[in-house]
Structures are given as C-alpha cells and as structure tokens.
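Given chain A's structure and the hints, the job is docking chain B onto it.
Protein chains: 2
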Amino acid sequence: MTTDTLTVSKSPVTGKVYEIPAVKEDKTGIDAFIALHPGKKVVVVQGLGFVGSVMGLVVANALTEEYAVIGIDLPSPASYWKIRSINEGIFPVIASDPKIEEYYQNALRKKNYYATFDPYAYSKADVVVVDINLDVQKKSAKNKDLEGYNVDLAPFRKAIEAIGARCKEDVLVLVETTVPPGTAQKIVRPMLEAALAQRGLPADRLKVGHSYERVMPGPKYIDSIQNFYRVFAGTDEKSAAAVEGFLRTVIRTDEYPLTRLGNTNATEMAKVLENSYRAMNIAFMVEWSRFAEEAGVDIYEVVNAIRMRPTHKNIMLPGLGVGGYCLTKDPLLASWARMNLFGSEEKLGQSEKGVHINDKMPVYAFDFLRSQYGASLEGKKVLLLGVSYLNDVGDTRYTPVEGFYDQLQAAGCEVSLHDPHVKYWEEKDTWINPQLDELLQEHYDVIVITTGHRDYRGNAALLEKIKQQPAGWIYDTIGVLTNEEIRSLQEKHTVKVIGRGDL
Amino acid sequence: MTTDTLTVSKSPVTGKVYEIPAVKEDKTGIDAFIALHPGKKVVVVQGLGFVGSVMGLVVANALTEEYAVIGIDLPSPASYWKIRSINEGIFPVIASDPKIEEYYQNALRKKNYYATFDPYAYSKADVVVVDINLDVQKKSAKNKDLEGYNVDLAPFRKAIEAIGARCKEDVLVLVETTVPPGTAQKIVRPMLEAALAQRGLPADRLKVGHSYERVMPGPKYIDSIQNFYRVFAGTDEKSAAAVEGFLRTVIRTDEYPLTRLGNTNATEMAKVLENSYRAMNIAFMVEWSRFAEEAGVDIYEVVNAIRMRPTHKNIMLPGLGVGGYCLTKDPLLASWARMNLFGSEEKLGQSEKGVHINDKMPVYAFDFLRSQYGASLEGKKVLLLGVSYLNDVGDTRYTPVEGFYDQLQAAGCEVSLHDPHVKYWEEKDTWINPQLDELLQEHYDVIVITTGHRDYRGNAALLEKIKQQPAGWIYDTIGVLTNEEIRSLQEKHTVKVIGRGDL
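Same order as they appear, the protein sequences are chains A and B.
For the first sequence, this note's numbering gives the first residue as 180, with consecutive numbering after it.
For the second sequence, this note's numbering gives the first residue as 180, with consecutive numbering after it.
Next up, chain A with everything else stripped away, as it sits in the complex (with noise of 0.2 angstroms):
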C-alpha cells in the first residue's frame, strides 16, 4: 500500500506517521465516546489548531460541571494526526506550562476528551465551540512591496455550514476565532438559520455568541484561558445568556469577571482593536528608531525612561519586526469588515499602515546589516541566536526571523540557527540544534540575536564564547545587550544595534 504525501499525516512532535482513512466516518467511535458520558452536554471545540486544542483541554477540565468534549478537525495531512495524538494519549502542542500535562492527564483519567474527524459530533452537540483559523492572504515577504492582502471567507464558511448541516436546533455555537467585525450577525447566525429552514427545523431556539480568548502559548497557556478576563455577547439576549451560562463553568469568573458588551459587533471589534493598538504601537516606534540611528541616541534607554510614568508604562520598543497569528492579520481583518461587511468607502488606514510597517521591519533590518557590512555578505557565515518571534516561548507562526532569514539565504549567506524552545521549524522544515555551545564552536562572520530569549540576556558564558570567536560583526536586532556587554564585544568586534546610533 503506498502511503505518499496526501494521503498520510505526520506528527512533528513524536514523529510518527498516520494513514489518513480513505473512509472519512467515526460514527461509532463517537456514539462509543458519548455513551460513557450519560447525562453530560456535550461540547464539540471545532479546530485543533493552538486554540482550540487546549480550548478543550479547558472544557474538559471545567470547574462546575462535566462535559463531554470531542475536538474536531479535518482529516487532512496537516491536521489528522493532532486528532490521532489526543485519542493516543500523547497531547499534540509542546508547552512549558505544567498544566497542559496535568489537564491533559486529568482528561485521559476520566476519559471526557475524544477527538475526531467526523462532522456527525455537530449532531451530538450542546455547544459547538468555534476556534478554527480565519487567514488573511498577504503577499509574500520576500517582496518588498508588502501592502496588498486579501480575506477569503470560503474556508470559514465551510466549517459553518458543517455545523449547519447537522446541528440541533437549541445548540449554542460560540465563535471564539478571531473574525471580521459583522461576522456572527451577518454570517454565522444567517447561515445557521438558513440550514435549519433548509432542514425543516425552526430556528427560535438557536443561540449564537461570540467571545473571544486571549491565549497565550508559553508558561501560562491554561491560564490565558481559564484565569483571565473574558468578552462575550450574544446575536440576541438568548444566546448572550447561554454563552454567559456556558463561560461561567469553565472560566474563572470570580476572579475574572465576565465583560458583556451590547452585541457581536462589538465583541468581534474589541478583539481585533486590541490587537491593532499592539501592531500600531509597534509600528510607531519604527520611525522614532531610524530617528534615534540618526540622531545618536539610544531608544531603549529613552523608553524606559518614558515608562516610568504610569500613563506611558505600555510604550513599545523597536525590534527585527513582529510576528504571531495576531498582531500581523488582525488589523487587515478589521479594516476588511469595515469595507465588505459594512459597506464603509474608508479602510482603517492607520492600522493597515501599522501591519504593512511591522511587514517591512526585517527588511529594514536586513538592508540596515548590508550597508553597515560595507562588503559582500555572499558566502559568508551567520548565526541567528532565536527563530520564535517571542521571547522564552518557541512560536515560529509568522515569526519576522523567516524574512529576515530568507533575505540572508537570497544574498548567499550560510545560515545556522539556534533556538532553545524551537526544535524543529516547521515553515522551514528544518531541525534546530540546541546546543549553543556545539554552534559556537564553528566561527561566524556575523553572529545575530533575533530573538530576545532570556538565554541571551546577561548570559556571561555566551558572551565569553561570542569574544573567543575571531573578529567578526555581533548584530543584536533586538536591542538585548547591555551598554558594558557592547564595550566589551567592541574591543574585539564590531556591535551594531537597531535603534541605537550611540554606539
């Protein structure tokens, strides 16, 4: 039997690799599933992407009532095995939260969490939890002209209608994605109604919400979820009651209290504003940095003495550029409601501006080492200290280190990389080594810290090892250094710093 690439799934945590089946049915593993949960809702999370799959983990762990949880994703090559690793036994995302294991542990103790392919679980459902991607198609970052994008709702709808085709009619779907303003108004809950009508069911019964996570992958992933503070609302007063109903089981409330805002709109708004005052924060500091260059002034010492006034604590610092599922799409999502779902003639110009500058961050950054360089950088050897775009957390989703590596790569450069929480990177599918001490004994023409991982911070022995090399460029693109650690590399190499003409 010949196994080729669309047809098998490989998981890149453990290796292994699953067959996808040719027959795409789990009726009976499903009804299996149910039938050791008498008397329990059952809630499907659809997606088990880094949301969602934890979503779950949550779910199944709620604090005042058990549920029955089936996480759902499609029988693909990037997905199937996910579905396969949770029914196995070992959890599909790696994290340094202890409490994944422990929930995970919990889930596989009281045997409430199944995963599956098979859309009849939407049959079965209480509540179906929403937590699929919603992509924005930007062009490519190895063209310099990086502002045109595109939202294609297609994929999205799809998962709606799989809802729609079989749901119950008093079920609460509970968007948790990330969409553009308008979406669960104008979209879900239209669509939701037609497919009911369409099956001779009413649709007075159904309840549609929306509420947004604020997860973060790293040390306090569970936390993000269940201990933080939660924004809902409901398409009508039924459905903002059932998901407040809902949220109050497996969330923190006391703690956390609950936001309720008038309607989705607002609730779908608040999401990605928030995202985008992140991304045009960024962005603005972008200019203030080229002007610090200019100027021979250091940008993070000026930040940090901006911060100290409690009104400014959140001003943010420049950097190789800025990455994560987040801060680089949301703002197009919005300014793209705004225009198709709203009729508006006007984009949020101001946030579009603010991703397509962040874009450009590793271009500049790239462009910033070449002219400095003075010489050809072909053939030469570079290492990158860091592949994740966030500090002490290995996330390589729309990481700037990609651009910027490509850039290198393009002007014949030989790359080595290292990560101490990315092992493999998988837009590049490459294998990381770990060990630094390995890397560092091959010598580098330019040695960069692309990522501010607290290994590379006020780390003596890594700067000892970085002056036994022969003389070469150190490049810290995210301002880590320290104005002593850079006097001492200078007696022997050449430091450059974005954001610092002062050196």
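These are computed hints drawn from the structure, not numbers from a lab.
None of the hints are false.
Simulated coverage check for chain B against chain A, where a stretch passes if three residues somewhere in it have a Cβ under 8 angstroms from a Cβ of chain A:
| no. | stretch |
| --- | --- |
| 1 | 433-444 |
| 2 | 450-460 |
| 3 | 466-479 |
| 4 | 491-505 |
| 5 | 523-530 |
All of these numbers come straight from a predicted model, not from anything done at the bench.
The C-beta atom is built at its ideal place from N, Cα and C for all residues, glycine as well.
Coordinates of chain B only, in the frame set by chain A:
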C-alpha cells in the same frame, strides 16, 4: 497720557491695566532683590508662562537649598502684567492646586521670588532655567487642509542670545522648554560658546543641560513638577553633574529618582516621543470611532473592556479633539528636527499624521452634527458645555472646542458657552457665564457636551433641567452620557454621541 494697546498690559486675573514702561531698565530692582539674599545662589527662570511661573515658585521653595529666584519675561502686552502681578502679591496663574497659593505665600514671606523684564538679571545668575515657549505655526483650524506647519526658531534663538550676551562664564543653562531634539547640542551650546568667546571669556566652565518637566496644570500643579520623575542630560559630563546637583535641591528625588540619559538629544527626544505616543494613540482611535458608528457599536464600551488588560490600560478614547500645548505640536517639532537638525530625508510621517488627524476631529464633529441634523443650522441656538480642552481644569490653550465653535459661528448659529473652570476665554476674548442654571433658562436647539468635566457626568440635576428644555438635540462629543441617561433623554430629545452607532 494715552495708553494704547501696545503700551499697556492687562491682567486677565484681576482686570488691572499696567502701563509698560518706556525705559526697559530694572537694574536697581534686581540689585536690591539680590542684596536681600547674600550668599544665596541666584536662579533666573526665563519665561513666566504656565510652566516657568510655577517652576519659579518651586525653586523658591526648594527642598534642600535657599535660592534667590528671579522670573523674567518680556515687557510685552501679553506678559508684562505677570511681572507686576508677581511683585505685587498676586500670583498670575489661577489653579485649583492649593499648593500654588501656599508656595507663593511662602515666597512672599521669604521675599525670594522677584520678577523682572530686564536681561541684566542674567548677569547675576548661577543657574538659568529656560522655560519659554517654542511654538509651531500651523495652518488655521478653519482651513480643512491642516497639514502645513512651520517651526520658527527665531524667538528661541533671541532668548538664548539674551543669556549669552550677559551670563557668567560658569553659568548652568538648563533648558526645560520642549525643543526639537538636537537643540541643546546643536543650537544652545554653540550659541552660548560663541557669545562667551565674543566677550573674551573662556567656554570651558559653561554648563548646558536639558531636563523636561511633565507639568499638568490642575489640582496637582506643584506636585507634577516637584513630586515626579525627571529625565535629564548634559551636553558634557560637567553639565550633567551640574544639572543633577541642581535638580536634587528642588525635586523630591528620594521618592522620584532622576533618570540620566546618554545625551541631550535623548532627553529632548524622550519628551516629544512621550507626547507623540499619546497624540498618535488618540489619532488611532479616530478611525475606530468611525467604524464603531458604522457598525452600531459603542466604542466606549469596547475600550473599557479592552482596558481590563494590564497591557492595554492606556488605550485612549475618542472625543471632540486634542488640545493643550504639547500633543498638538510636539510630534511636529520632532519631525522637523529629524529633517532640519539631523538632515534626514524622511519625516516622522506617522507622528505628523497623528497630529493632522487630531486637528481634523472638530471638523468631523461639526460635519457629523450638520449631516445628522438634516435642517440648516442657521439661526439655531446652541449651548456648548465646556471650552477647556481638559476635564476639570480651566485650560483653553489650543482647545478643540475653538474649531468647533468657529464652525458653528460660521454656520450662523447663536452659540452660548459654559465652563465651570474658565471665566474668561482668552483666545476668543470672551467672558463665560459660570451659572449653568441661568444659561438653561434659555431654550436651545442643540446642547453639546464639549468637555468631559465632572460637572457634566452623572449630574442628575443637570439632566433634569435638560429634559425640561423643549424637544431638541443633545450631542455628546465626549461619550460622558450613560446608557440610562441617553434613554431618559431620548424620551423627548434626539441624542447623538460621537463613537456610538448603537443608540
């Protein structure tokens, strides 16, 4: 003897008119004052505006040293009255902070705060604190194309010249004015060095530094200078040490430690960056307010929900516009400096854009009213609640209410004004009736809330009186009305709120 407007100066505090002396000389007065304070260091504060006059007060009440303080300003119609007022026992700034009067009475008792117009004072100064204005010339708010601006350094240079022509060779010149980054190093120090050279004096004992206050006129006026974090730098090591020594004597540095930055470019940049950050964050919300109006969302509710996140506490709210002396010009000073003092070909485009967006807010607020109102506004009676740009403070400098007021006037409205904190609106040369009850005996077609004063928030008596008005329009440009208040007003009136499409 005639006293035309060029030779008199009128106090808006007391109404008293002073004749400006023809002979601009006060050597006797200055010498007599200094003779009262043998052995004390002389601090000259240049500029007796909102900052300088109060900074003088703080230095006269220094914590660990007794200074003889001379405030100096121009013998002009706009400023001469301040000099006379200080010397006659009436402090020229009206503020709700009781410490102002306390500190002033202290200084009167100690006789250690004298005011003059005679630059002879500089020859006696151990320290000169520069607290004059440095303005940006913008196109008129009546012009919808607001994007032009100009920075004219001539008045600032003239003030530095006045110091250089007379100062001691070892004077400390501490610039507190918000200046284009680069000013202390590239303008002030070279000018003073050249002036000393011309007088045959060496420049090696000259000290020039920069430190910015974060003064907030209002109930914590004095504290905002004396009990708050300060950032400083010197143009050389000696200057930095001198600035630090001086600031330690006047500021509560034990509780609010000083922050020294690498050079004066950095401190100058920090100040304008702080204010640009805030201006840009307000501008950012403008687009989102429009989106909220289109999507039937209450932007205030959304922002309040987002603010529950510690990382998002400082997200701003929209409103009628941005006023005051700092946020309306500092981003422009910075952008101007980048191009004109550091030769960059790029402006700080986003920061400039932020100012322009904010400048257009009153235009939008008026257009919103006009388009919603339907009928012509000509001859309509309009009451504005608030002319100050800041809640609970009477400060009309660059208040956005001005642009809004001008447009109402131009549209032929009959505009009445109220503000509990502003007796006299200087920019409009208009006295304001503080008796709201009296004003509300008239009937208005439109009542507009233009400032978020506490007096207008949750004020049941006010609400009752507004409800007793004949059916008309209530227009909240700040979002101070609660849902309940709106509903109660809607029983009779038409209510519109900027940033809310959900009424």
